[in-house]
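*Asks:* Sequence:
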Amino acid sequence: MRESDRLGAVEAILFVASVPVTVQDVVNALEGEVAPSEALGLLKAVQDGYEERSEGLRVERVAEGFRLVTRPEHAPFVRNFLKVQNLRKLSPAAVESLAIVAYKQPVTAAEVGAMRGTECGPVLKGLLEKKLIRIAGRKNVVGRPLLYATTKEFLIHFGLNSLEDLPSFRELEEVFREGVRQESLFREVAPPAGDQAKPFPRAVDPPHGPQGEVPAEQGAEGPTVKREPARD
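Residues 0 to 231 (numbering that gives the first Met the number 0) are what the sequence shown spells out, left to right.
Careful: at least some of the hints might be erroneous.
[Claimed, not checked] Estimated spans, in silico, between C-beta atoms of each pair:
{"#": "1", "residue 1": "N27", "residue 2": "R52", "range": "23 to 29 Å"}
{"#": "2", "residue 1": "G136", "residue 2": "E51", "range": "43 to 49 Å"}
{"#": "3", "residue 1": "S167", "residue 2": "E118", "range": "24 to 30 Å"}
{"#": "4", "residue 1": "A113", "residue 2": "P166", "range": "37 to 43 Å"}
Worth flagging that the hints you see were computed from the coordinates, not collected in a lab. Just so we're clear, the structure is a prediction, and the values are computed from it rather than from any experiment. Virtual Cβ for every residue (Gly too), placed ideally from N, Cα, C.
Given the sequences, and given the hints that come with them, work out the whole structure.
*Replies:* Set out below in structure tokens:
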């Protein structure tokens, strides 16, 4: 197979994929014609090609894979075309709880509630339904409460390759104090006026840092990636 054919095949795979495409996915799809290092090179070549052309699409590296997405600057026009006027957003309470889980995982509902200063069972239930967090076992204490951790869908939703890409906890506190939109929370993007989120209590101690990527739940479906770069 010629190099141009390989590049075309990889681009086609990215176009039809509903979840991030990994290096091994490309190796399997090309029936072993390329080694993993060559497959990675093909993915990066397609990514670079879109960047050079500055077209309406780009290849984004996320959750240790690659996906074809629309450029953020074109999102308003895509939404108009699709007549999507009211995309679902995470509430400030959900964003705060999700951030605590991301930095302190595995963590119990009581621990999340103590940090936020309010009961958060319903909020965590909603995050479970959205597949942004998962049950990661039980804590070995009296009552054996459930432990929560983030999922691969969390990484995909916020455009992260791994938990190591999260900003520092102190930086995140500042983002909360300024107010954020949920799509930009973990990217430290300045929010539009009016979208305010409640700050973390100052008594919260910073964690020791990300603990690495948490595997996704088996069978979880990824988002549609050819229309919107970030969706619930």
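*Asks:* If a hint holds in the structure, say so; if it doesn't, say that too.
*Replies:* Going through the hints against the structure:
Range check, N27 to R52: Cβ separation about 28 Å, and the 23 to 29 Å hint holds. At roughly 46 Å, the beta carbons of G136 and E51 sit within the given window of 43 to 49 Å. For S167 paired with E118, a C-beta distance near 28 Å keeps the hint of 24 to 30 Å intact. Our hint of 37 to 43 Å for A113 and P166 is violated, since their Cβ atoms are close to 23 Å apart.
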